[in-house]
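Engineer: Construct the entire structure; sequences and hints are all you get.
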Amino acid sequence: MLSLTQQDIVQPIQPMLFYAFAAIICISAIGVLLSKQIVRMALYLLGTLAGVAGLYFFLHAELLGAIQLIVYAGGTLVLIIFGIMLTTKNPWARLQISAFERNLGIEIGLAAFAVMAWIAFQWTGGRMDEQALAQVTEYPVATIGRVLLSKYLIPFEVVGVLLLVVMIAAAYMAKGRRAEEIGR
Amino acid sequence: MITLEHFMVLSAIVFGCGVATILTKRNAIAVLIGIELVLNAANINLVAFNRYSWSGEAVSAGGEPAVEGIMFALFIIVVAAAEAAIALGIILNFYNMHSTVDIERANLMKG
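As given, the protein sequences belong to chains P and B, one line each in that order. With this note's numbering applied, the first sequence corresponds to residues 1 to 184, in that order. With this note's numbering applied, the second sequence corresponds to residues 1 to 111, in that order.
In case anyone wonders, no lab produced these hints; they're calculated from the structure. No experiment lies behind these values; they were computed from the predicted model shown. Don't be surprised by glycine CBs; every beta carbon is placed ideally from N, CA and C. Keep in mind that a hint or two might mislead.
Stated by the list, open to error - Restraint ranges, calculated between C-beta atoms of paired labels, are given here:
hint, chain 1, residue 1, chain 2, residue 2, range
1, P, I27, B, E68, 27 to 35 Å
2, P, L110, B, L108, 27 to 35 Å
3, B, I86, P, I119, 30 to 38 Å
4, P, S98, B, M1, 24 to 32 Å
5, P, I13, B, M109, 49 to 57 Å
6, B, M97, P, Q135, 56 to 64 Å
7, P, E130, B, E68, 16 to 24 Å
8, B, N107, P, V159, 30 to 38 Å
9, P, T124, B, I86, 37 to 45 Å
10, P, T137, B, H98, 47 to 55 Å
11, P, T137, B, I90, 39 to 47 Å
12, P, Q96, B, I90, 21 to 29 Å
As the list claims (entries may be wrong) - Away from chain P, derived, C-beta distances all over 12 Å, residues of chain B:
hint, residue
13, N107
14, M109
15, K110
Structural biologist: Pasting the structure below:
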């Protein structure tokens, strides 16, 4: 009677996993807000992105977690760090904002949080019971691929065109101009 | 038991931090980092809703699980990457003109 299944072992660990990821995300998101140096902000952003990828794995969206790590942590973040390196003479430089504007911005952020948290506890829309939740243990990549190329075919094509346009535009804009063209 | 509310509150925290970051920074790249936070908050909500707020009848009947939220998150990631690339192109051009990335100096089109 004392046979433990894998489920029995995994079940109690799950909340701890969630709280670990949530702690990483919250601490690094607040770090982004409070740190004054742009390089540290980028580093904290990496923490948030990695934590969100962990949450995707927690929610059984493994493909999305992998894409999050590859595209965000591997692509966008490197892009941002290159942007920092190319545009900052002193990477530790600070651009200060007045105390009033700073407080106002943080208050607006707190207000946005308060409204969304209030909605979270007010919202009582349809949700799965625990039994139904336990039945869905994965979102197969095959299903995602099939849906992507059938139901979401037009958005998929549009996104492909968007990426082409963005690639050409980014290369054109960043190619750099001669000083007389800029008018200096 | 982790419920949908946990994810919604976590997403609200990230969203609040993102909005406050956008509003309190003067460095254009810092504003871009704030936008990434906001988009990630939206993605957390989409994937969590896909998992928790779907009836589950399709799986009980032997069908495939719904992947609507995952699809939306996927497209948001692509658009976010495109937006970051274009924004950095604009910021580099701005830096070439003004030798700074202070957004207070971006007043060329001010009436």
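Engineer: The structure should be examined with respect to each hint, and the outcome stated for every one.
Structural biologist: Against the structure, the hints come out as follows:
Hint check: I27 of chain P to E68 of chain B, Cβ distance near 31 Å, so the stated range 27 to 35 Å holds. Judged by the Cβ atoms, the range 27 to 35 Å given for L110 of chain P and L108 of chain B holds: they are separated by roughly 33 Å. Between I86 of chain B and I119 of chain P the C-beta distance comes to about 32 Å, which sits within the given range of 30 to 38 Å. Between S98 of chain P and M1 of chain B the beta carbons are some 46 Å apart, a value that contradicts the proposed interval 24 to 32 Å.
Look at I13 of chain P against M109 of chain B: about 54 Å separates their beta carbons, and that is inside 49 to 57 Å. Restraint check, M97 of chain B to Q135 of chain P: a C-beta distance of roughly 58 Å satisfies the suggested window 56 to 64 Å. For the hinted restraint 16 to 24 Å between E130 of chain P and E68 of chain B, the CB-CB distance of approximately 22 Å keeps it satisfied. Restraint check, N107 of chain B to V159 of chain P: a C-beta distance of roughly 34 Å satisfies the suggested window 30 to 38 Å.
The hint said 37 to 45 Å for the Cβ distance between T124 of chain P and I86 of chain B, and at roughly 40 Å that hint holds. About 54 Å separates the C-beta atoms of T137 of chain P and H98 of chain B, a value consistent with the hinted range of 47 to 55 Å. Evaluation of the 39 to 47 Å hint for T137 of chain P and I90 of chain B yields a pass: the beta carbon distance comes to about 44 Å. For Q96 of chain P and I90 of chain B, the Cβ-Cβ distance of about 23 Å falls inside the hinted range of 21 to 29 Å, so the restraint holds.
Residue placement check: N107 of chain B keeps its beta carbon more than 12 Å from all beta carbons of chain P (closest about 15 Å). With 12 Å as the threshold on Cβ separation, the claim that M109 of chain B sits away from chain P holds: the shortest Cβ distance comes to roughly 16 Å. Consistency note on K110 of chain B: stated as away from chain P, and its beta-carbon is indeed over 12 Å from all of that chain's, at 18 Å minimum.
Checked against the numbered hints above, the structure breaks only hint 4 and satisfies the rest.
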